[in-house]
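J.: Here's the letter readout for the chains.
There are 2 protein chains.
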Amino acid sequence: MNAPLSSHALPHFERRSVPKVMLERLMARFADRCSISRSVCEQHGRDESPFEVTPPDAVVFAESTEDVAFVVKLASEYLVPVIPFGVGSSLEGHLLAVQGGVSIDLSRMNRIVAVHPEDLTVTVQAGVTRTQLNREIKDTGLFFPIDPGADATLGGMAATRASGTNAVRYGTMRENVLALTVVTANGDIVRTGTRARKSSAGYDLTRLLVGSEGTLGVMTEVTVRLYPLPEAVLAAVCHFPDVGAAVNTTIQLIQLGIPIARCELLDANAVRAVNAHDKLSLLEQPMLLMEFHGSPASVKEQAEAVQDIAREFGGEQFQWATTPEERTRLWTARHHAYFAGMQIRPGCRTVTTDTCVPISRLAECVTAALDEAKRAGITHYTVGHVGDGNFHVAYLIDPAIPSEREMAEALNHTLVHRALRLQGTCTGEHGVGLHKQGFLVDEAGEMAVEMMRTIKRALDPKNIMNPGKIFTL
Amino acid sequence: MNAPLSSHALPHFERRSVPKVMLERLMARFADRCSISRSVCEQHGRDESPFEVTPPDAVVFAESTEDVAFVVKLASEYLVPVIPFGVGSSLEGHLLAVQGGVSIDLSRMNRIVAVHPEDLTVTVQAGVTRTQLNREIKDTGLFFPIDPGADATLGGMAATRASGTNAVRYGTMRENVLALTVVTANGDIVRTGTRARKSSAGYDLTRLLVGSEGTLGVMTEVTVRLYPLPEAVLAAVCHFPDVGAAVNTTIQLIQLGIPIARCELLDANAVRAVNAHDKLSLLEQPMLLMEFHGSPASVKEQAEAVQDIAREFGGEQFQWATTPEERTRLWTARHHAYFAGMQIRPGCRTVTTDTCVPISRLAECVTAALDEAKRAGITHYTVGHVGDGNFHVAYLIDPAIPSEREMAEALNHTLVHRALRLQGTCTGEHGVGLHKQGFLVDEAGEMAVEMMRTIKRALDPKNIMNPGKIFTL
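These protein sequences, in sequence, are chains A and B.
Residues in the first sequence are numbered consecutively from 16, following our numbering.
Residues in the second sequence are numbered consecutively from 16, following our numbering.
No lab work stands behind these hints, which were simulated from the structure alone.
Note that the coordinates shown come from a computational prediction; the quantities given were computed from them, not determined experimentally.
Heads up, some of the hints might be wrong.
A pair counts as met if it fits within one copy or between any two copies, since identical chains are not told apart.
[Unchecked claim] Simulated crosslink set (EDC-like; lysine to aspartate or glutamate; CA at most 20 Å straight-line):
1) Lys-88 <-> Glu-465
2) Lys-294 <-> Glu-190
3) Lys-477 <-> Glu-465
4) Lys-315 <-> Glu-246
5) Lys-389 <-> Asp-257
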């Protein structure tokens, strides 16, 4: 059933290293913006996944779309892989140079290209991070809602079809990317999409590229939708006797169509971790961290409706955060959960699950996963964008102990296949990368994956764009 | 600049007719569900566009995905085109059998496959129409919002990436299709997507197929999102001194983030037409027809905010429709605009524009288009999903007078190129079909269109899936 790669053991890939003559041509153009230093290459050959470091042969720090096109043209000539790199916050091995090649670091492409507050759009270079974007557009009264936790680049977020805490109300990168500038496999610079809110003009190349994990092209500019900062924002914390009660509250509020902006689950382990990390004193029980956006009246109305639902399920001790400072404190805690969690077990690596299921099946899916983790005796915590049916169990493993990694993989495998039976997906927002290739086949079926491979072969016949990710050819 | 087809003159296509042996094999399986009668074929060789009727060689009335797969397998064997057909409400020549072949009529595939009210999703066969869907799910308290005016099938709406009046709040087919069952060019049955609200599992085949106009596969089942029926619904009509004032009101309410559910423009000509057609007595001035969804309090709040904005722009005589009967009467009038418009000039055909621009540029775009139409002395009216920046000028032409068609094409050409300069699109919701192929190249650029062709060649190497639409190979 679980055909190729769904573990953190790296399979064998044939190397296609950068030949000397190509390196010389890179050096001639980029000088000290092209590095082959061991530390720089190693830094670009890893991400937040537990895969072993797999460095590229060289790293180019691109400063323009033309820089990227130059590298890809050379790569095409010498049949060498190129791997786009943002800030390295991927969780699935996307950035590993499994066949060698050139990592194109886009972090210096961090310019806001054009803000159009009057149209609620902005175009940025792919290396702009989401917090930078929101900082730079603060004066417009608008904001970019997609928030995957890490301060990822817009390019990286588009490449993995990221989402995060605000997606329940504002959608994911799928819904919010309007247009792209992309360097294709032969080094051409192609623009997809327009700034119009909708279009029926031919194949949706933008949506095909969003989530393609660098395997079809390197995104260099991204145009996204912005939203007016809500007139009123209210954050709330509510504690529950068990995880099921928190999730059932979520299910009901979604079914009723309450336009909640954020609805995050933290299990007791996660709360303990953020308490320790951020010196908070949250009740160490499962909790929902919520946020409501709208007019003062509508925010109040939403919050009251949710409070009524939560009470039915034993939710208590609602605490409200109305000032920006209180809200920031709570949300920073949520955003620190990943690193806070790692401190539960110093020196550990995290194996993170990412299933997403139809909302009505969420309680059974979460509860079973936590029961299994508990029975297995593995250190873990759980957070979830539960309003979307998406949650992450983080198994904290000692990378030196193979049996721990195997156990985490086994638990993940069971969880993914339960999610698939419930008509869900193996990955809500992290992408496939190296880790979930077997799961992808189980989920989509061999024929759908073969359609993907057919598209890949057609658009990247030399297989130089981040090869080995999503599927093997 | 305007390379291939952007007119209603049919270019020459090589015919690839159904050979006798294939027809016999179709007859053997389908008996009287396969027709070669002239009237049936002619009915399937036209749509609402002004193109001349171009009938297929045969029509098969499919009743299952397996029926469709059977036809496509034969078509692949005999290199014959297949064209999916829903209700024939396309506006861009999508359904014309320009190379002959088999029209697959999906209207008998009109079964609701699975309603999941608890997950806000429904799976339907592709031949279900939107009003049928809403009728059949009425008891669930949910509804499907996408409303392109015509009572189109879900398959047809997905194939053209349709939207319509509710898109400003609920999105288009792009945002609302979760999963598809599709018969690919070699007759395989492939499922794309899941019922989860979001996913990062590989290439977004669903979004690639949505809007592909039958050129990559025949959709046989469509899974879409549903929404709770709003607690309160309020419709309002407001009249303006000129079109610019109505559009500027719209621009401002969108910029402020008011979550209006529908925001439709009718110019004075359109109002006159619906008054005559539906025996209404609306003031014959430009008007906005709006609808607000939410709680009673939030609906009131939205309506008041919009009234304040409208007043600034000279909007007057707000009329509210609160009962379902009043609302239905108003919206039926809007939905009849297309046929009401045609009655302005009996015997005419309609050439409809479909540009969509960034919201801030909408007023200048609409105003210039109407000035040009007026100066040209052509009979026309205008309606618009202005909340999305999308509007339609309908030029009513006598198909027997070539100069009228040429004038309509010329006006459309000017309008499209203005929209493109304003970073908009030539088609907000109708698709490219036969008519907008030149515009697509102007909009997306030759390289992006070549990417589309590359995908088409890879997934349909024999070019049998609705050939000649979107682009020529």
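J.: May I ask which of the numbered hints given earlier this structure violates, with the numbers listed in increasing order?
T.: Hint check: 2 fails alone, others pass.
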